[in-house]
Amino acid sequence: MTVTAAPARRRDDDEVRPEALQTAPTVSRRRRALRPYLLAVPAVLLCVGILYPFFLGVAYTFYNFSDANPQPSFVGWENYTALFTSGSFWHSVQVTLMFAVVATGVETVLGVGVALLLNRSSWVGRIFERALIVPLMVAPIIAAIMWKLLLLPEVGWVRPVAEGLGFAGYSGTDSAAWAFIWSVVVDVWIYTPFVAILALAGLRSLPSSPFEAAAVDGARWWLTFRRLTLPMLWPYLLVAVIFRLMDCLKVFDIIYGLTTGGPGDATTTLQINAYLEAISYARYSRGVTYMFILWIAVYVISMILVRYLNKIQSRSAGV
Amino acid sequence: MTTPTSTRPTAKKRLTGAVANTALLAYFAFSLIPVAFIIALSLKTNSEQTTTYLSFTPTFENYSTVLGLDGGGSSYLRFFGASLITSIGAVLVSLLIGIPAAYAAARHRFKGSENLMFTLLSFRFAPELIVIIPLSVIYQQLGLYDTFFGMIWVLQLVTMPLVVWILRSFFRDLPVELEQAALLDGYTRRQAFLKLVLPLVRPGIAAVCLLAFIFAWNNFIFPFTLTSSNAQTVTVSSLAFLGGNQVRFNLVAAGAVMAALPPLVLALLIQRYLVRGLSFGAVKD
Numbered sequence: 233m234t235v236t237a238a239p240a241r242r243r244d245d246d247e248v249r250p251e252a253l254q255t256a257p258t259v260s261r262r263r264r265a266l267r268p269y270l271l272a273v274p275a276v277l278l279c280v281g282i283l284y285p286f287f288l289g290v291a292y293t294f295y296n297f298s299d300a301n302p303q304p305s306f307v308g309w310e311n312y313t314a315l316f317t318s319g320s321f322w323h324s325v326q327v328t329l330m331f332a333v334v335a336t337g338v339e340t341v342l343g344v345g346v347a348l349l350l351n352r353s354s355w356v357g358r359i360f361e362r363a364l365i366v367p368l369m370v371a372p373i374i375a376a377i378m379w380k381l382l383l384l385p386e387v388g389w390v391r392p393v394a395e396g397l398g399f400a401g402y403s404g405t406d407s408a409a410w411a412f413i414w415s416v417v418v419d420v421w422i423y424t425p426f427v428a429i430l431a432l433a434g435l436r437s438l439p440s441s442p443f444e445a446a447a448v449d450g451a452r453w454w455l456t457f458r459r460l461t462l463p464m465l466w467p468y469l470l471v472a473v474i475f476r477l478m479d480c481l482k483v484f485d486i487i488y489g490l491t492t493g494g495p496g497d498a499t500t501t502l503q504i505n506a507y508l509e510a511i512s513y514a515r516y517s518r519g520v521t522y523m524f525i526l527w528i529a530v531y532v533i534s535m536i537l538v539r540y541l542n543k544i545q546s547r548s549a550g551v
Numbered sequence: 010m011t012t013p014t015s016t017r018p019t020a021k022k023r024l025t026g027a028v029a030n031t032a033l034l035a036y037f038a039f040s041l042i043p044v045a046f047i048i049a050l051s052l053k054t055n056s057e058q059t060t061t062y063l064s065f066t067p068t069f070e071n072y073s074t075v076l077g078l079d080g081g082g083s084s085y086l087r088f089f090g091a092s093l094i095t096s097i098g099a100v101l102v103s104l105l106i107g108i109p110a111a112y113a114a115a116r117h118r119f120k121g122s123e124n125l126m127f128t129l130l131s132f133r134f135a136p137e138l139i140v141i142i143p144l145s146v147i148y149q150q151l152g153l154y155d156t157f158f159g160m161i162w163v164l165q166l167v168t169m170p171l172v173v174w175i176l177r178s179f180f181r182d183l184p185v186e187l188e189q190a191a192l193l194d195g196y197t198r199r200q201a202f203l204k205l206v207l208p209l210v211r212p213g214i215a216a217v218c219l220l221a222f223i224f225a226w227n228n229f230i231f232p233f234t235l236t237s238s239n240a241q242t243v244t245v246s247s248l249a250f251l252g253g254n255q256v257r258f259n260l261v262a263a264g265a266v267m268a269a270l271p272p273l274v275l276a277l278l279i280q281r282y283l284v285r286g287l288s289f290g291a292v293k294d
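As you go down the protein sequences, you meet chains A and B in turn. The numbering used here puts the first residue of the first sequence at 233, with every later residue one more than the last. The numbering used here puts the first residue of the second sequence at 10, with every later residue one more than the last.
Think of the hints as simulated: they come from the structure by calculation, not from any bench. Treat the hints with care, as some may be off.
[Stated by the list, open to error] On the chain B side, residues computed to face chain A include the following (Cβ under 7 Å):
| # | residue |
| --- | --- |
| 1 | L34 |
| 2 | F46 |
| 3 | T60 |
| 4 | S64 |
| 5 | T66 |
| 6 | F134 |
| 7 | L183 |
| 8 | L187 |
| 9 | M267 |
| 10 | P271 |
| 11 | L273 |
[What the hints assert, rightly or not] EDC-like cross-link-like pairs, simulated, lysine to aspartate or glutamate; straight-line CA separation at most 20 Å:
| # | chain 1 | residue 1 | chain 2 | residue 2 |
| --- | --- | --- | --- | --- |
| 12 | B | K204 | B | E186 |
| 13 | B | K22 | A | D497 |
| 14 | B | K22 | A | E310 |
| 15 | B | K204 | B | E188 |
| 16 | A | K543 | B | E123 |
| 17 | B | K293 | A | D449 |
Backbone N, C-alpha and C define an ideal beta-carbon position, used for all residues, glycine too.
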C-alpha cells in the first residue's frame, strides 16, 4: 500500500520513451508524436463541453439576468457588491465554514478512532468491519431522508430515547441549534467510514519495526500514537481531510433533505443559498455569483492543501 | 512464574480490550440503528407507524404499493428505470472517453496532460450549481432539459474524473516493459493495448465501473435541478414522496430502502478497491 500524490509524482521509468519502443515502421514519426493527443481528444472535448457553461456562468456574474430580466444586461461588479454587503451572504459563509470545520473535525477524530479500534483484531471488528461502508454507499439524500424520519416526533426513534433520557419538549430539527447539530450528525454518520477506511489502509501499511522498538523501550500508548502512528498516518489522513473539507464546503443534499436550510436561515449554507437565489427566486446571476465566490475559495484551499500533501509525501518518501 | 503482580498487566489488557470492544459496538450502533429503523418503518402498516416502535407484524404491503403491484399504479419503477438508464449511460460514456485518456496520461508525458488531469479533478471539487445554473439555460435552449441525454452529459462531471484518475493509477501500476516486449514481438501498439494491457487492468475497470455507477446513482443535485418528470431519478422522487399533504412515512421508507439497495449490493463486490477508488487513486490498498 502506498500513497501517491494527487498530481502523481512523475516517474521517469514509467514513461514510454520513443527510443525504447520500436513501433511498427508503417506508423510515421509525426503520428507517433500525435498519438497521446489523439487518445485524449474526446476527454478534452468533454472538458470543453463542461467548461463552456462554467465560463458562461462566470460571465453571468457581471450581468443582471433573472426571470424578471430575461435579457441579460451588463452591470459590472454590481452582483459582487450586492453580495458582499448582504447579511444573507455573510450568514451563509459563517454557516458553511462552521459546518465544514465541525463536521470534518468530528469525522477525522472519530474515523481515526474507529480505524485504530478495527486495526486491533477483536470479535466486534471481525463481525462488523464489512458493515462499515454501509452509510457511505447510501445516497446522501436518502441518508438525509432516513434521518429526517428518524428524527420526526411522529414516527422516529429519537423522541422516545430523548424523552427517556429526560429531555422534555423534543422537537427534532425545529430549533436552529438542533437543525445545525443534526445536519452535522448526518454528515458524520455518512462520512466517518470514509475517513476510517483510508486511515485503516494507512495503519495496515505501516512498518512494524518502529512499533516493536517502541514496545521494547516500554513507550506508553499515547506517546507511541503521537510520535509514531500519527506522523506516519498523516499523509493518509490528509487525503481524507482534503476530500471531506472540500465536500463540506459545497454541502447541499444532506441539508436540503434534512432542513431545506431552515428553520429560517439557520442551516442555509452557500450552495443552499445559491439554490434559493437561482432556482427558487429565479435570480440566476445572483445565484451564480455565490457559486463563483465559493468556487474560488475551494480552488485556493485545495491548491494549498494539495501542495502541502505533495511536500509531506515527498518528505516521507525521502526518508 | 505466577506472582500476583504479573497477572495485573493481563487484567489491564482485558479491561482495555473490553473498553475497545464497547466503543466499537457503540459506533456500529450509531452507524446501523438508522438502517434498522428505516427497514422497520418500511415494514409497518399505516396504523402501526405512529403507534409502535419495535413490536409490529412485518408486512411487505408498502413495497408492493410503492412498486404499484397492488394495481394502484406507480411511477416509482419509471424513476428507478431513469436512474438505471442515466447511470449506466454515464458510466459507458465515461469509459469510452476515459480509458484512452487515462492510458495516454499514464504512459505519455504530453503537453497539457497534467492540466487535463487537474481540470478533471477540479470538476470533482467544484460546487455543482456553478455549472447547473448556466447549463439549465443552455439545456432549455437545446431541448436537453429533462432528457436522458442531458442527464448522461452532466453526470460526466461525476463519473469522468473518477474513471480517468483511478484508471490512470491502474495503468501506472503495469510495468512499461510489458508493452515494450509486446512491440518487440511484433504487436502493433493497438494490439498491445487491447490484447495485453486491457485484460490486465480488467479488475480495475470493473471496480471503476461499479464505483462510477454508484456515484451516478446516488447523485441528487443534477437530476433535481435539470429534470422534471421524464428523466427524474429515484433519488429525486424519494424526496418528492416526503412532500405533499398526506405523507405516508412507511411508503417513503420503502421507497428509500429500494433506492439505497443497488449501490449497497454493488459496493460489496468492490470492497477491495474501495480505498483506491474513493481517494481517486491517491491511496492504494
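Status of each hint after checking the structure:
The criterion of a C-beta within 7 Å of any C-beta in chain A is met by L34 (chain B), whose closest approach is roughly 6 Å, and the hint holds. Nearest Cβ of chain A to the Cβ of F46 (chain B): about 5 Å, under the 7 Å cut. The hint holds. The beta carbon of T60 (chain B) is not positioned within 7 Å of any beta carbon in chain A (closest approach about 10 Å), and the interface hint is therefore violated. Interface restraint check: S64 (chain B) against chain A, minimum CB-CB distance 13 Å, threshold 7 Å, status violated.
The restraint placing T66 (chain B) at the interface with chain A is violated, with a minimum CB-CB distance near 17 Å, outside the 7 Å limit. For F134 (chain B), the interface hint holds, since its Cβ comes within 7 Å of a Cβ in chain A; the closest pair sits about 5 Å apart. Given the 7 Å rule on beta carbons, the hint for L183 (chain B) is violated: about 9 Å separates it from the nearest Cβ of chain A. Checking L187 (chain B) against chain A by beta carbon gives a least distance of about 11 Å; that is not within 7 Å, so the hint is violated.
Proximity of M267 (chain B) to chain A is violated relative to the hint, the smallest CB-CB distance being about 10 Å (cut-off 7 Å). Taking 7 Å as the C-beta contact cut-off toward chain A, the hint placing P271 (chain B) at the interface is violated, the least distance being around 10 Å. The closest approach between the C-beta of L273 (chain B) and any C-beta of chain A is roughly 5 Å, which is under the 7 Å cut-off, so the hint is satisfied. Taking the CA atoms of K204 (chain B) and E186 (chain B), the gap is near 15 Å; set against the 20 Å cutoff, the hint holds.
Proximity of K22 (chain B) to D497 (chain A) is assessed by CA-CA distance (about 50 Å); at most 20 Å being required, the pair is judged violated. Among the hinted pairs, K22 (chain B) with E310 (chain A) is inconsistent with the structure: their alpha-carbon atoms are about 66 Å apart, more than 20 Å. With a C-alpha separation of about 10 Å, the suggested pair K204 (chain B) and E188 (chain B) falls inside the 20 Å cut-off, and the hint holds. Between the alpha carbons of K543 (chain A) and E123 (chain B) the distance comes to roughly 18 Å, so the proposed pair stays at or under 20 Å and holds.
At roughly 32 Å between alpha-carbon atoms, K293 (chain B) and D449 (chain A) are farther apart than 20 Å, so this suggested pair is violated.
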